[in-house]
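So the sequences go chain by chain: A, B and C. Just so it is clear: in the first sequence, position 459 is 459 by this note's numbering, and no numbers are missing. Just so it is clear: in the second sequence, position 34 is 34 by this note's numbering, and no numbers are missing. Just so it is clear: in the third sequence, position 84 is 84 by this note's numbering, and no numbers are missing.
Worth flagging that the hints you see were computed from the coordinates, not collected in a lab. Computed from a prediction, not measured in an experiment: that's the story for all the values here. A couple of the hints might just be wrong.
Cross-link-like lysine to any residue pairs, in silico, SDA-like; alpha carbons within 20 Å at most [to be verified]:
#1 C:Lys324 to A:Leu480
#2 A:Lys224 to A:Gly283
#3 A:Lys224 to A:Gln101
#4 A:Lys456 to B:Gly167
#5 A:Lys456 to B:Lys8
#6 A:Lys456 to A:Val467
#7 A:Lys456 to A:Glu396
#8 B:Lys176 to A:Tyr481
#9 C:Lys324 to A:Leu153
#10 A:Lys558 to A:Ala261
#11 C:Lys324 to A:Val349
#12 A:Lys456 to A:Gln439
#13 B:Lys176 to A:Gln439
#14 B:Lys176 to A:Leu153
#15 B:Lys176 to A:Ala413
#16 B:Lys176 to A:Thr105
#17 B:Lys176 to A:His158
#18 A:Lys224 to A:Phe452
#19 C:Lys324 to A:His158
#20 B:Lys176 to A:Pro437
#21 B:Lys8 to C:Trp144
#22 C:Lys324 to C:Ile254
#23 C:Lys324 to A:Phe156
#24 C:Lys324 to A:His115
#25 B:Lys176 to A:Val455
#26 C:Lys324 to A:Thr52
#27 A:Lys456 to B:Lys176
#28 A:Lys456 to B:Arg172
#29 C:Lys324 to C:Leu313
#30 B:Lys176 to A:Phe156
#31 C:Lys324 to A:Arg438
#32 B:Lys176 to A:Gln101
#33 C:Lys324 to A:Ser161
Examples of chain B residues lying across from chain A (beta carbon under 7 Å, computed) [stated by the list, open to error]:
#34 Ala153
#35 Gln157
#36 Met166
Computed footprint of chain B on chain C, listed as stretches where at least three residues anywhere in the stretch have a Cβ under 8 Å from a Cβ of chain B [stated by the list, open to error]:
#37 150-163
#38 264-276
The beta-carbon is built from N, C-alpha and C at its ideal position, and this holds for glycine as well.
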Amino acid sequence: MNAMTEIDSAVLQVRDLRVELPGEVDVVSGISFSLQAGEILGLVGESGSGKTTLATALLAHARRGAQIVGGQVNVGGQALLSLDGETLRRARGSLIGYVAQDPATALNPALRIGHLMRETLAVHPLGLDREAQQVRIRETLQDVGLPDEPEFLRRFPHQLSGGQQQRVMLALAFVLRPCLIVLDEPTTALDVTTQAHILDTLRRLCKRQGVAAVYVSHDLAVIKDLVDRVMVMYAGRIVETATREALFSRPSHPYTRGLLAAIPDVAGRRELQAIAGHAPAPGQRPTGCSFGPRCERFTDACSRVEPTLPVDVAHAVACWVPHEQPLQAVALTPIASVAAHTQAPLLTVSALNVAYDRQVLFDINVQVQPGECLALVGESGSGKTSLARAIAGLGENATGALSYAGQPLPLQARRREAGQRHPIQYIFQNPYRALNPRQTVYQTLSAPLEHFFAVKGAAARQRVEAVLMRVSLPASVADLYPGSLSGGERQRVAIARALLCEPRLLICDEITSALDVSVQASILDLLRQLQREGLTLLFVTHDLGVVRAIADRVLVLKAGRVVEQGAVDEVLDRPQAAYTRTLLAHSPSLG
Amino acid sequence: MNEPQTRKGLLITLLVVAVALLGPWLAPHGPTDMVGPVYGAPTGAAWLGYDFLGHDVLSRLLSGGVSVLWMSVAAASLALAVGTTLGLLAGLSRRRLDQWITWSADVSLAFPDLILVLLIVSMLGRAPWLIVLTVSIAFIPGVIRLARASAVAVAGQEFVEAAQMMGYSRRRILFKEILPNILTPLLVHFGNLLTWGVGMLSGLSFLGYGVAPPTADWGLMINENQAGLLVQPWAVLAPAVLIGVFAYGTNILAEGIGRSSAGTGAKQP
Amino acid sequence: MSEPHCNTPRTPAWLSWFVGRLGYGLLTAWVISLVVFIATQALPSDPARVILGPDAPLDSILTLQHQLGLDQPIAWQYLRWLGSALRGDLGVSLDSNVPVSHLLWGRFGYTLVLLAGVIAVVVPTALALGVALALRRDSRLDRWGLSLLIFLKATPGFLLAIGLVLLFSMPHMDFLPAVSILDPDQSLLRQLRFLVLPVWALSLTALPYLTRMVRAAMIEALASDYVIAARLRGVPERRIVWRHTLPNALVPAIQGVALTLRTLIGGAVLAEVIFSYPGIGTALNAAIQMRDLPMVQAIVLVITLAVVLINLLADLLTVLLTPKLRTARRVTLIQRNRRGITPWWRRSRGDA
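Could you build all of it, start to finish, from the sequences and the hints given here?
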């Protein structure tokens, strides 16, 4: 497979790329693909799939501890992996650009924007004099949608908004006019509207300047309108690659189908299907197909030999038993009609105001009916988390009135009676900080049992094991420390802790933002099951797809005020407020 | 405990402690018996020679460790206990109390350690408990700062809020949620306190403000025999080496604890 | 989070913070004067007896008490002392009957030179060594260097000084004087060789902490996202070290230098005594032994005020050199326990 003999205009050619960890443990292996000028390739995978490793390997870079041990990467005719020292340094940036995931940490807080731009031009031999450099900088800033005044260039990164920071990263990549740009989940840390604008800018720039792009993402919905081709990765291998239309209409690999079935879609409510099990870590991959143990089409052949990806085929699948039929449109499940409000509301919020150094909530009035799932939706700064925390009893600097089951509810958890504290439970957003690292799971879970219900010893052990089973965790987890658990497992333990308190109202604060799509699907499934058993849910999220998938009613917040509320179908199909319409327009969708 | 550095440090420290504790029984002569010539050279009867008054250096060496050790351990422990309490109080309380405690700590920190101790000891006398008290007062502000910073960092984490929501008593949250998670940096600092304590106490003795002669004390021995440094170096070198080894041992121990905790820290994304 | 630049306040925020910090420093200084006074004059049951010793006859004690003004109410004594101190009159030395200020400034100058020498040696060495070790992290040089630093850190300072004295007192090694007998009539610059050993001893005690701090700060900066992003943009490694990481590592180093100075002053007392260097440390030691109350008060006061000043400067430099603090609307150096502010997942405010 000599790249020289192939007559093509491929800007990027990768052959048999392999990255290893110490001990010959492979992180990614057998990667081969190519990319034409101006083409945008979406690289999709969940955490642990190796997509970030692959992205940086395209620049001949591996994170600390990992090493690129084999394969070829040809960019614009140059074999990157055989370059060294000065030539490699010059190739990085001028031949191939990189945009990192989090712009807040990827920009040096001590250097001004203008300095970064000028430096990027100065360290590459482009043959531009100072005048031409300034022109180039101005043009690039205009291209990415930033002001090109000198005053803007004198700012520090912390003086820019998140969207502006990411545009600066784009500008730094595009200013050198490379032939290929690698973007590593650049919009994960941004709001939906900002994300939509950035994707738009990116597509426009790539097409206009003929720059090829590799866009890494964990979310198929986000890249649906951006990319020309899609590559799906699992456990360090490419499992499927196809054009956009082909992948979304006729996905062949069972994993791709599983991913698509697990993504909540804002266009309509479907039953989300989780993929059982979890991805193998590097070094623990089974013989044969890595996806085999989780696959419903598993055969003997799958466990013996690893399937290979055919090269130079338009729609390539690495599977022994790929799907042939196109994807069936899954029937939409009708939402149970909201019961008439004959019952008294379970929770009432009246005239709630919350202010820290500035006011975050203005005069909020909310009612939550028993047995329903109410979604609180808004972008960052809308106050949705503050509202949830105030209801849970954690909000400081809050004034207003709460009432629960007809009784007044104090704003501070400490002032509530035990009988009011245990029915209202709160699940935090960050599973990595929600459990005490110095207590075993059993100690964390048995504490509320003893505190609220005076249950100890063998009876407590029994209840703990029962609730662990309810959240689909093995009973052996009880003796582990949180440090040994994954994010999804920790979130389940947090849910178990809430369930042990016999709650009636469960407040979930963006509990799935940090989790993979397939794990999110299983947690949403669990929550729906709990709702069927009579639990009332208050679900805070920014993702309208999740709202469609799980909620009965929705409340839209903007800058601390309620903009719109109503039944989910009503609000999402026939939005009244302009803000809701904007949110809907910018939300990525599979439909 | 698995870290080799921790084991090495523990071993060295315990070795010196053993010498200091068991020494008085193993000494061939009493520490204040004048049995030989002034600044006499080492002989078969006296392996380390004789000091400025004719005492047997070896005997004084073996008897001279207890004071340094118990005083540095006492000072470090007292500083740790008081400093942690105040630091936790500052980090977890209302703004007023926090400001008060932090400000008092800052004022104390303006006094260089040795100056403060010298000042108090010279004015108020050389009773051992007073020395211990003053040395720990010199250490307390540093502990307050550390405990406060660690407490603030831990208290901002969600599992503490979860405990508050459950309505656990303040004392329970303090002892079960917060304290176990700040233990490690405090333990590392304790090792440092021991090291500094030994240095300061022996320095004090060296200047003449520690335990009164004729008690045997390693720092005092260095002071007493420095005039004869060139003639009979062992009288100065032997206690100096033991002080150094003890300080080194506690230091390595602290480093080892710090390193092993960094390795097994909670996984963060 | 974009700051509206059209209405920049007339006073930059850091200036108002500095004024507040200055006030805080002055308050601290005043409390220190109280503590010094109480420790020396108010606490001891009878300073006169302390000065003259337990066997002094009664009328000498009474005379001294009247002389020192010890028979006046304590608050009056404090105010009188403070008042004269502010005017520059620090009393008269009981030992030599010379005004304290005369004795002090010469000695103070010598100690300043000593400390300046130590800083001039330690700071560049710590920077160079810290950067070198950070760049060669986990190599053999790094491991050996760290072991050496740990060994130096563990050894009490005065032992190092004594070791040096021993070393340079041996025959054939006397090219450096082990005792610093300075001639006050000659200029200091001509007698620099007397400074070498004390500076060396103190530098060895101060080096470990600062070097390890620089090393840690550099390692953290080199592993940061912005360095990786710069590397992937093709910025040369040399430029990354000098322009991207070192400035960020400098700021924690400033606080480290302030802390080092504080411990150095304590160590200087011991070193000066060991080398018989005529600085403020030996003066303090002598004053304490002679029970020279005014000298003791004056020296301790000057030293602690110097530490307060150093901390103030360090905080000011930290704010000025950190762009985020310098341009902030409100400067806060200490983190307080505020709950429920920023969500963990650092979502930025969305304006495209």
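Okay, the hints, checked on the actual structure:
With a C-alpha separation of about 41 Å, the suggested pair Lys324 (chain C) and Leu480 (chain A) falls outside the 20 Å cut-off, and the hint is violated. Proposed proximity of Lys224 (chain A) and Gly283 (chain A) is contradicted: the alpha carbons are some 32 Å apart, above 20 Å. Distance restraint check for Lys224 (chain A) and Gln101 (chain A): the Cα-Cα separation of roughly 19 Å lies within the 20 Å cut-off, and the hinted pair is therefore satisfied. Annotation: proposed proximity of Lys456 (chain A) to Gly167 (chain B) holds, straight-line Cα distance about 18 Å (limit 20 Å).
Taking the CA atoms of Lys456 (chain A) and Lys8 (chain B), the gap is about 42 Å. The hint is violated against a cut of 20 Å. Between Lys456 (chain A) and Val467 (chain A) the alpha-carbon distance is near 15 Å, which keeps this suggested pair within the 20 Å criterion. Simply put, Lys456 (chain A) and Glu396 (chain A) have alpha-carbon atoms about 33 Å apart, too far for the 20 Å limit, and the pair is violated. A distance of roughly 15 Å separates the Cα atoms of Lys176 (chain B) and Tyr481 (chain A); the hinted pair therefore holds under the 20 Å criterion.
Restraint check for Lys324 (chain C) and Leu153 (chain A): the C-alpha separation of about 16 Å stays at or below 20 Å, so the hint holds. The straight-line distance between the Cα atoms of Lys558 (chain A) and Ala261 (chain A) is roughly 31 Å, outside the 20 Å bound, and the hint therefore fails. Between the alpha carbons of Lys324 (chain C) and Val349 (chain A) the distance comes to roughly 39 Å, so the proposed pair goes past 20 Å and is violated. Pair hint Lys456 (chain A) plus Gln439 (chain A) holds up; C-alpha atoms about 17 Å apart against a cutoff of 20 Å.
Taken as a hint, the Lys176 (chain B) and Gln439 (chain A) pair is honoured in the structure, with Cα atoms around 9 Å apart against an allowance of 20 Å. Distance hint between Lys176 (chain B) and Leu153 (chain A) is unfulfilled; the C-alpha atoms sit about 50 Å from each other, more than 20 Å. Between Lys176 (chain B) and Ala413 (chain A), the direct Cα distance comes to roughly 19 Å. Compliance with the 20 Å bound is thereby established for this hinted pair. Our distance criterion of 20 Å between C-alpha atoms is broken by Lys176 (chain B) and Thr105 (chain A), whose separation comes to about 34 Å.
Restraint check: the Cα-Cα separation between Lys176 (chain B) and His158 (chain A) comes to about 38 Å, which exceeds 20 Å; the hinted pair is violated. For a cut-off of 20 Å, the pair hint linking Lys224 (chain A) to Phe452 (chain A) is broken: about 49 Å separates their Cα positions. At most 20 Å may separate the alpha-carbon atoms for a hinted pair to count; Lys324 (chain C) and His158 (chain A) meet this at roughly 7 Å. For the proposed pair Lys176 (chain B) and Pro437 (chain A), the alpha carbon gap of about 11 Å is at most 20 Å, so the pair holds.
For the hint pairing Lys8 (chain B) with Trp144 (chain C), the CA-to-CA distance comes to about 17 Å; that is within 20 Å, so the pair holds. Among the hinted pairs, Lys324 (chain C) with Ile254 (chain C) is consistent with the structure: their alpha-carbon atoms are about 17 Å apart, no more than 20 Å. A C-alpha spacing of about 8 Å is found between Lys324 (chain C) and Phe156 (chain A), which places the hinted pair at or below 20 Å, so the restraint holds. Using a Cα cut-off of 20 Å, the hinted pair Lys324 (chain C) and His115 (chain A) holds, with the two alpha carbons roughly 16 Å apart.
Taken as a hint, the Lys176 (chain B) and Val455 (chain A) pair is honoured in the structure, with Cα atoms around 19 Å apart against an allowance of 20 Å. At most 20 Å may separate the alpha-carbon atoms for a hinted pair to count; Lys324 (chain C) and Thr52 (chain A) exceed this at roughly 30 Å. For the given pair, Lys456 (chain A) sits about 18 Å from Lys176 (chain B) by alpha-carbon distance, which is consistent with the 20 Å threshold. About 17 Å separates the Cα atoms of Lys456 (chain A) and Arg172 (chain B), which keeps this hinted pair within 20 Å; it holds.
As the CA atoms of Lys324 (chain C) and Leu313 (chain C) are separated by approximately 18 Å, the hinted pair is consistent with the 20 Å bound. For the proposed pair Lys176 (chain B) and Phe156 (chain A), the alpha carbon gap of about 42 Å is over 20 Å, so the pair is violated. With a CA separation close to 35 Å, the supplied pair Lys324 (chain C) and Arg438 (chain A) exceeds the 20 Å bound. Taken as a hint, the Lys176 (chain B) and Gln101 (chain A) pair is broken in the structure, with Cα atoms around 37 Å apart against an allowance of 20 Å.
Between Lys324 (chain C) and Ser161 (chain A) the alpha-carbon distance is near 14 Å, which keeps this suggested pair within the 20 Å criterion. Because the smallest distance between the Cβ of Ala153 (chain B) and any Cβ of chain A comes to about 11 Å, over 7 Å, the interface hint for this residue is violated. For Gln157 (chain B), the shortest C-beta to C-beta distance to chain A is roughly 5 Å, which falls under 7 Å, so the interface hint holds. The restraint placing Met166 (chain B) at the interface with chain A holds, with a minimum CB-CB distance near 6 Å, inside the 7 Å limit.
Evaluation of the coverage hint for the region 150-163 of chain C: fulfilled, as 11 residues show C-beta separations to chain B shorter than 8 Å, against a requirement of three. Here the region 264-276 of chain C counts 6 residues with a CB under 8 Å from a CB of chain B, which clears the bar of 3, and the coverage holds.
Hint compliance for this structure: hints 1, 2, 5, 7, 10, 11, 14, 16, 17, 18, 26, 30, 31, 32, 34 are broken, all remaining hints hold.
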